[in-house]
Structures are given as structure tokens and as C-alpha cells.
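Novice: With chain B held as given, fit chain G onto it using these hints.
Each protein sequence line maps, in turn, to chains B and G.
According to my numbering, the stretch in the first sequence is residues 1 to 257, in order.
According to my numbering, the stretch in the second sequence is residues 1 to 257, in order.
There's no promise every hint is true.
Straight-line alpha carbon distances no greater than 27 Å define the calculated DSS-like cross-link-like pairs of lysine-lysine that follow [unchecked claim]:
{"hint": "1", "chain 1": "G", "residue 1": "Lys-152", "chain 2": "B", "residue 2": "Lys-159"}
{"hint": "2", "chain 1": "B", "residue 1": "Lys-152", "chain 2": "G", "residue 2": "Lys-159"}
{"hint": "3", "chain 1": "G", "residue 1": "Lys-159", "chain 2": "B", "residue 2": "Lys-159"}
For the record, the hints were derived by calculation from the structure and aren't laboratory data.
Protein chains: 2
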Amino acid sequence: MNASTPASGRLSVVGLGPGDAALMTEQVRATIAAASDAFGYFPYIERLQGLGHLQLHASDNREELDRARAALDLAALGRQVLMLSSGDPGVFAMASAVFEVLDVATPEQVQRWATVDIAVQPGITAMLAAAARLGAPLGHDFCCINLSDNLKPAAVIEKRIRLAAQADFAMAFYNPCSTSRPEGFRRALRVLAEECEPGRLICFARNVSRPDETLQVLPLDAVTPEMADMRTVVIVGNSMTRQVGQHVYTPRSYPHA
Amino acid sequence: MNASTPASGRLSVVGLGPGDAALMTEQVRATIAAASDAFGYFPYIERLQGLGHLQLHASDNREELDRARAALDLAALGRQVLMLSSGDPGVFAMASAVFEVLDVATPEQVQRWATVDIAVQPGITAMLAAAARLGAPLGHDFCCINLSDNLKPAAVIEKRIRLAAQADFAMAFYNPCSTSRPEGFRRALRVLAEECEPGRLICFARNVSRPDETLQVLPLDAVTPEMADMRTVVIVGNSMTRQVGQHVYTPRSYPHA
Numbered sequence: 001m002n003a004s005t006p007a008s009g010r011l012s013v014v015g016l017g018p019g020d021a022a023l024m025t026e027q028v029r030a031t032i033a034a035a036s037d038a039f040g041y042f043p044y045i046e047r048l049q050g051l052g053h054l055q056l057h058a059s060d061n062r063e064e065l066d067r068a069r070a071a072l073d074l075a076a077l078g079r080q081v082l083m084l085s086s087g088d089p090g091v092f093a094m095a096s097a098v099f100e101v102l103d104v105a106t107p108e109q110v111q112r113w114a115t116v117d118i119a120v121q122p123g124i125t126a127m128l129a130a131a132a133r134l135g136a137p138l139g140h141d142f143c144c145i146n147l148s149d150n151l152k153p154a155a156v157i158e159k160r161i162r163l164a165a166q167a168d169f170a171m172a173f174y175n176p177c178s179t180s181r182p183e184g185f186r187r188a189l190r191v192l193a194e195e196c197e198p199g200r201l202i203c204f205a206r207n208v209s210r211p212d213e214t215l216q217v218l219p220l221d222a223v224t225p226e227m228a229d230m231r232t233v234v235i236v237g238n239s240m241t242r243q244v245g246q247h248v249y250t251p252r253s254y255p256h257a
Numbered sequence: 001m002n003a004s005t006p007a008s009g010r011l012s013v014v015g016l017g018p019g020d021a022a023l024m025t026e027q028v029r030a031t032i033a034a035a036s037d038a039f040g041y042f043p044y045i046e047r048l049q050g051l052g053h054l055q056l057h058a059s060d061n062r063e064e065l066d067r068a069r070a071a072l073d074l075a076a077l078g079r080q081v082l083m084l085s086s087g088d089p090g091v092f093a094m095a096s097a098v099f100e101v102l103d104v105a106t107p108e109q110v111q112r113w114a115t116v117d118i119a120v121q122p123g124i125t126a127m128l129a130a131a132a133r134l135g136a137p138l139g140h141d142f143c144c145i146n147l148s149d150n151l152k153p154a155a156v157i158e159k160r161i162r163l164a165a166q167a168d169f170a171m172a173f174y175n176p177c178s179t180s181r182p183e184g185f186r187r188a189l190r191v192l193a194e195e196c197e198p199g200r201l202i203c204f205a206r207n208v209s210r211p212d213e214t215l216q217v218l219p220l221d222a223v224t225p226e227m228a229d230m231r232t233v234v235i236v237g238n239s240m241t242r243q244v245g246q247h248v249y250t251p252r253s254y255p256h257a
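For reference, chain B alone in the conformation it holds in the complex (with noise of 0.2 Å):
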């Protein structure tokens, strides 16, 4: 091997689970303590404390595109690199990115990134941690809309949202909202109030899996926008939703017309 035939490298994209490091799956431990290098938003960096002998790149939350070319670079010398996401990394987090990442290459970066060998690893994604301590909200048909109106249209999630509220399915949202946007979740409300029943079952499970973590469950029309923030998901139920005790679940049968 010499400098022009690098050895091939990885690339692995993976999902750290909710928060709980015991939500990790087995694979993504092992993947982590043989890896050279780790790329992530600074606090999942943190995460990685004690599990490998790493070299860390943490970047800002909103250089992913740099942060997937940056990583291939590396990979492409041989290096054994993560990509850090939160949750699963194929719902809303690093795997997209990576692919539009090699998807615009130039023909300079597609021929350096040739060797790379690249896994997506899958996680514990957030709605799934949330719906396991509340009970089985999702326990039925649901969909899964991300709130933030950053990289699609206010218009387009609004109508996701009727729709998938006239179809009945239950919804799990990520990202209802932030300080940089603040009405994700708001603009949500009202179109559920506009579809649902009052007595629509909403769920908030915040910091799911961690020491701070809270579970509250109400009636859509005892819902206010506040109660959601950016490390809330929210969990709509559909129209057969109940609460048996301390519980939420979402029944598998669903009646005939």
C-alpha cells in the first residue's frame, strides 16, 4: 500500500438511541469502539465518553452537508469514521444527508469516495422510546411528520397533517418547534382542532429515556402550543386512542364503518 492506493475505509452512519445509553443497540457499541475518527453535533460527541479511542470532529447542527463531506474525505484515506446521529440516523438525521452529499459529488469527489464502504446502523429513533413509557399509542397504523418548516414548506406539513388526521392514523411529530421557530407546532394545533374530536388523546414525552425525562398526556382541547419544544415529540393518538390506568395505547383493531 502506498500513498496513491489508500486502503479502504468506512463509513458508518449511527443511530446512539433517544439518550439512554442502554437504548444502544449492541452493533452500533461494537462499531464505535473499533472506529478511528467520530463526526457529530457536539452533543452527541459527548455521548461517545468511554465507549472508544476516538478522534472527535464535533460541528454545529446546521453543517450537515460540510460535516458528510468531511467524513468521506477521511474515510477515503482509510480511516474508520462515524457519523453520529441521535436516535436513528435514517429519520430526520445524518443518513439523508450522506446521500445528498454523494449524490451532487463532483467527478473529483466521486472518484476519491469510490472506495468507501458505507453502513447506515440503525437506532432507537425517539417517537419508538416515547411510545414504549407511555404505553402503545402507535400501536396501530401512524405516520411521522417533522414540524420543522427549515428545509420544506409551512403548506406542505399542514396538509400531511389534515390528511393523515382524515385517514386516522396516529402521528408522532419531531421537531414541533424552537426558538428560531416557534409556530411549527401552533400551526399544527390548528389543524387538529380543525380534524379531531376535543377529546383527541395528545401525548408529550420530553427528554425520552434521560434522568429529566417527563410523560404528559391530554385532551386536544387542553392543549397549548407551549407545551411542546424542541426536545419534545409529541404523539397524536387516533380516533381510538384510550388510556387504560397509567397508560396510553392505541388499540390494533379498527371497527368497520
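Specialist: Structure of chain G alone, referenced to chain B:
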């Protein structure tokens, strides 16, 4: 402690992941190791070999409610009981069945089960394992639909697929068909053909994460109903889903109309 005040037992409804033991979480592995009894469908019980010292209670896959009652009864005697699901217990699996049984419990059962601590522990569900192997086809808003009409009317399934297509969700189909219900995926394809362009990408992941895993990606107009069986998860791209090299991904961003 005496016979009239039994120890408080625990029922842990756990997800084993899609097949590969490395996709199990450390939480579930530890819960299995500490349990006394395990209930589940025969093939899931087989996956426990070497993971604990358990009394095994295997049953057929049409006996979910009886299985849940038996597990609660045993936990009420102070045992540490597992209820097994493949994938994630909250996605078309045993978690809802356990809460359904609690919801319709007789007063005598309510009293008997009152001391049981019930916990749901998430696992990697098949669609997210499949998405990771394919690339990132669920990287934008998506929905998850069980195509079996065992517990809901076929008309509800068709309506949901139609509205999901109109909302331009990516979709994951569970239980696309089975020997006893061969029509599920054929009906879904008919709706997709009416609502989507002929080149829409359809992904088939069969036995995902197992040694005999197969992956296939085709445009909608090349798909035939027999391409999916009960061991297949089908992922339907949205209108933006693309291939790059061997991978399929859905971009994070969505265009303005």
C-alpha cells in the same frame, strides 16, 4: 410475605429487533438475563437461546390476548415475566395486546394484576432496519401501515394508502400479504398505481438483518404482487426518493409548489 400478599412481579414487553442479535438493545438483553419466564410466539422464544435461564411459554400467533392474560397472571405471583415481540413491541406487536387485556379486565383480574409493574422496552423495528440497509428511504416524513385486514376493514387500508400518497409520504408496509390473506399487497399496488407516477421507487426487504436477507428496488410499474410475502417489509418512496449508487434515499428537503 405470605400467600395473601404476593411479591410485586413485573411484566416486561420487550422488542428483540428484526433478527440479528447485534440489533438488540442492551436494555432488552439485561432484562432477558434477569427474567424468570418468557411468553411469545414460537420463533421468538427460539431466539432466547443462551440469553437467560428462563421458563419458556411458547404459543401460536393467533393467541395474543390469552398469552397476555397468562403472562399477567404469572407476574401477579411475583415472577419476572417477559413478553416477546420481534422488532419493536409497540409497532403491530404485543404491547397493544397487553393494554387491551388490561382495558377489558374483569374486576377480579383488575385486583389480581394491580401489583404488576408493566414496562415496554423498545426494539429496532423492521422498517428502520430495512431503511438502514437500503440507505435512507424514510429520511423525510413517512407513514407505517399494516396491510393485514385481519383486524381492520380493507377499505380503511385502501383509504389510508390513498391519502398517504396524496400527502406524498414515504410509506412502510408491514404484513404485505400472507398465505391466508394474499390480497393485501395486490390491493395496495392498485391504489399506488392510481396515485403515483410509474417510476416511483418501491423497495423490498425480506428477512432483514438475517443471513438470508434480500433487498430489491424497482420502479412501481415493474412491481408485481408476488414480490412481497409475510417476511417482507415494503418501503414506498415519496415523489422525491432517488437512487445514488447502490443506495436509495429520500432528501431531507421538499420543494415549494
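Novice: Determine for every hint whether it applies to the structure shown.
Specialist: Against the structure, the hints:
Note on Lys-152(G) and Lys-159(B): the hinted pairing holds, with a Cα-Cα distance of about 25 Å set against a maximum of 27 Å. Distance check on the hinted pair: Lys-152(B) and Lys-159(G) sit about 25 Å apart at the alpha-carbon level, within 27 Å; holds. Proposed proximity of Lys-159(G) and Lys-159(B) is supported: the alpha carbons are some 16 Å apart, at most 27 Å.
In summary, this structure violates none of the numbered hints.
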